[in-house]
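Chemist: Below are the chains, spelled out letter by letter.
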Amino acid sequence: MTDLSLSPTQLDRYSRHVIMDEVGPDGQANLLDASVCCVGAGGLGSPVLAYLAAAGVGRVGIVDDDTVERSNLQRQVVHGDADVGRPKVDSAAEFVTGLNPDVTVDRHELRLDADTVTDLVADYDLVVDGSDNFPTRYVVNDACVIDGTPFVHGAIYRFEGQATTYLPGGPCYRCVFPEAPEPGTVPDCATTGVLGVLPGVVGGIMATEAVKHFVPVGDPLDDRMLVYDAADMTTDEVPVAKNPDCPVCGDQPTVRSLDDVSYSGTCAVE
Amino acid sequence: MQWKLFADIAERAGTDAVAVRLDGDDPTVGDALDALLETYPALRERVLVDGEPESRDGIAPDVNVLLDGADVFTTADGLATEVSEGAELALFPPVSGG
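So the protein lines, in turn, are chains Y and E. Counting in the UniProt record's numbering, the first sequence runs from 1 upward without gaps. Counting in the UniProt record's numbering, the second sequence runs from 1 upward without gaps.
Since the hints were derived computationally from the structure, they do not count as laboratory data.
Take a look, some chain E residues computed to stay more than 10 Å from chain Y by CB distance:
#	residue
1	Asp23
2	Gly24
3	Asp25
4	Glu38
5	Ala42
6	Asp50
7	Asp57
8	Gly58
9	Gly78
10	Leu79
11	Glu82
12	Ser84
13	Glu85
Quick list of simulated restraints, FRET-style, between CB atoms:
#	chain 1	residue 1	chain 2	residue 2	range
14	E	Ser84	Y	Pro187	28 to 38 Å
15	Y	Thr97	E	Glu45	47 to 57 Å
16	Y	Pro183	E	Ala87	29 to 39 Å
17	Y	Asp113	E	Leu37	32 to 42 Å
18	E	Glu45	Y	Gly169	31 to 41 Å
19	Y	Ala231	E	Asp68	21 to 31 Å
20	Y	Asp251	E	Gly24	35 to 45 Å
21	E	Ser84	Y	Pro216	36 to 46 Å
22	Y	Asp223	E	Gly58	27 to 37 Å
23	E	Arg21	Y	Asp113	46 to 56 Å
Just so you have them, the derived chain E footprint on chain Y, three or more residues with Cβ under 8 Å:
#	segment
24	34-44
25	133-142
26	151-160
27	170-178
28	191-202
29	230-240
These figures come from a predicted structure and were not determined experimentally. Backbone N, C-alpha and C define an ideal beta-carbon position, used for all residues, glycine too.
Please model the complete structure; the sequences and the hints are all you need to start from.
Modeler: And the structure:
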């Protein structure tokens, strides 16, 4: 069985997908037709971008306002030593197109906030959040819930990672964590360090969720949060259920637009 | 029963697993938390917050208290939930690194 929408080169490139019953030419065509916005081209964004590019996701947006620092290279594997000082969106985009010319890359060299998120989210089929701060994470959650865009969340701390998938109509990140910690409560990577390979695993899980979503195949993390501990080499699952009181996706949501929330501090909904 | 601690909470305690023994009748999640905080007072300021709504029994809004994996505030009676000897409790906060 062949699908006429795949060229001979594509049938070769994606042959290990195409021969799988669970993916096949149709699943591969779905991937080629898909668009994903990757928020952050850092530790998590690197493996996400690499595997989405390799899988042939047709259009990939890269959002990041940082430049590459040498201290990033211990874990941010789409950037190289010669990229130090360059915008991350540039080196990440070159990595993606170098790996797979099928992929169209949109570079968004900006900081995602309440003003910039809405148009971006609406332009993609799915968002992958590999950002590095709570305000961006709450902005992504709230914008995706309001817009009805699915997103994959992943976050890391030292040896631990968390990943979950939001699907429209299901529970959201605020159902689990209504507010972020007070600023200063939780040290960041620069202060506390992070095992370099940790985002490789967690970002790999995030990319897996995105690829499964488009094929489609398998069971998503839409009702649970996967918690990975690289030190113990254990995983836990925390059930994620819809909170009827959730201000964004609950029975009587109070957040109708991003103007209703101040995305600083704890990102609380007052 | 056993407490499992995650992320910065485990880091503050210096361990990610704490066994507690409760002698009284019908022990609750709150009793188990008191025992944990007595042993690791450094957790107090991270987990407890003044002025939190009564619905969260004074627990910080970013800390999930899990009993056998499920949130005690949305699926049970909060800190008043009774716990059995073999229960696994957890303090589970969000992380943001990327």
